[in-house]
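Participant: Sequence:
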Amino acid sequence: MPVVSVTRLRLRSAWFLPAFLFHAIRSQLQSKRAAGNISTQVLNDANLAFWTLTVWRDKDAMRAYMISGAHKTAMPKLMAWCDEAAMADWTQDHPAPPSWADAHKRLIAEGRRSKVRQPSRRQLDFVIPPPRA
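Position 127 (the sequence shown) corresponds to 138 in the working numbering; numbering is contiguous.
Simulated from the structure, these hints should not be mistaken for laboratory data. None of these values were measured; they are calculated from a predicted model. Ideal Cβ placement from N, Cα and C applies to all residues, glycine included. Just to be clear, a hint being listed does not mean it is correct.
The following label-pair restraints were derived from C-beta to C-beta distances [stated by the list, open to error]: (1) K43 / P130: 26 to 32 Å; (2) A120 / R143: 16 to 22 Å; (3) W26 / R68: 35 to 41 Å; (4) F137 / L54: 16 to 22 Å; (5) I78 / Q129: 33 to 39 Å; (6) Q129 / K70: 16 to 22 Å; (7) P106 / W26: 35 to 41 Å.
Below, in silico cross-link-like pairs of lysine to aspartate or glutamate (EDC-like), each with a Cα-Cα straight-line distance of 20 Å or less [what the hints assert, rightly or not]: (8) K70 / D56; (9) K43 / D71; (10) K116 / D71; (11) K126 / D100; (12) K70 / D94; (13) K83 / D104.
Based on the sequences and whatever the hints tell you, model everything.
Facilitator: Now the structure itself:
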């Protein structure tokens with residue numbers, strides 16, 4: 012069954028934006044080329060927030076992407092760059108990606124915080140503003 016993954020993060024400062032974009036573009040290209048990737052969407056939101064929405068053939072394909080290449084290189088840096096980060100994944104019976112609104116609902120209901128070194132109040136309270144898609 013297809014697996015959907017949604018992530019949201021917010022950079023602490025625009026100073027991190029150039030390095031973040033370098034790694035984000037490389038990770039997005041890796042995702043689109045990865046075996047088992049069905050769909051990759053990225054949303055540049057307000058206030059230095061960024062969302063990803065990917066659909067994978069199965070959990071193994073998603074995991075192989077997560078622990079390799081550009082994505083693996085970028086992930087440790089996000090702890091220092093971000094003050095908000097969360098992710099959720101779930102299986103569904105069709106390969107079509109959900110809407111951003113539905114992904115937001117799932118992130119709130121089933122998501123988990125990712126570790127950041129300087130969490131914002133919203134990160135601590137697990138408050139995730141809806142995407143402006």
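Participant: Kindly confirm whether 26 to 32 Å is satisfied by the beta carbon distance between K43 and P130.
Facilitator: 31 Å, holds
Participant: Indicate whether the distance between the beta carbons of W26 and R68 respects the range 35 to 41 Å.
Facilitator: Between W26 and R68, where Cβ atoms are some 38 Å apart, the hint holds.
Participant: Take a quick look at whether K70 and D94 sit within 20 Å of each other, Cα to Cα.
Facilitator: Not satisfied, since the Cα-Cα distance of roughly 27 Å exceeds 20 Å.
Participant: Taking the beta carbons of Q129 and K70, is their distance inside 16 to 22 Å?
Facilitator: Since Q129 and K70 have Cβ atoms about 31 Å apart, the given range 16 to 22 Å is violated.
Participant: Holds or violated: are the alpha carbons of K43 and D71 at most 20 Å from each other?
Facilitator: Holds - the C-alpha atoms of D71 and K43 are around 16 Å apart, at most 20 Å.
Participant: Taking only the CA atoms, is the gap from K126 to D100 under or equal to 20 Å?
Facilitator: 17 Å, holds
Participant: When you check the alpha-carbon spacing of K116 and D71, does it fall within 20 Å?
Facilitator: Outside the cut-off at roughly 24 Å; violated.
Participant: With 16 to 22 Å as the target window, see if F137 and L54 comply at their CB atoms.
Facilitator: 20 Å, holds
Participant: May I ask you to test the hint 16 to 22 Å on the CB atoms belonging to A120 and R143?
Facilitator: Hint holds: Cβ distance 20 Å, inside 16 to 22 Å.
Participant: With respect to the beta-carbon atoms only, verify the hint that I78 and Q129 lie 33 to 39 Å apart.
Facilitator: 25 Å, violated
Participant: Quickly compare the C-alpha distance for K70 and D56 to 20 Å and report which way the hint goes.
Facilitator: 27 Å, violated
Participant: Is 35 to 41 Å a correct range for the gap between the Cβ atoms of P106 and W26?
Facilitator: With a Cβ separation near 38 Å, P106 and W26 satisfy 35 to 41 Å, so the hint holds.
Against the hints set out earlier in the document, violations occur for numbers 5, 6, 8, 10, 12 and 13.
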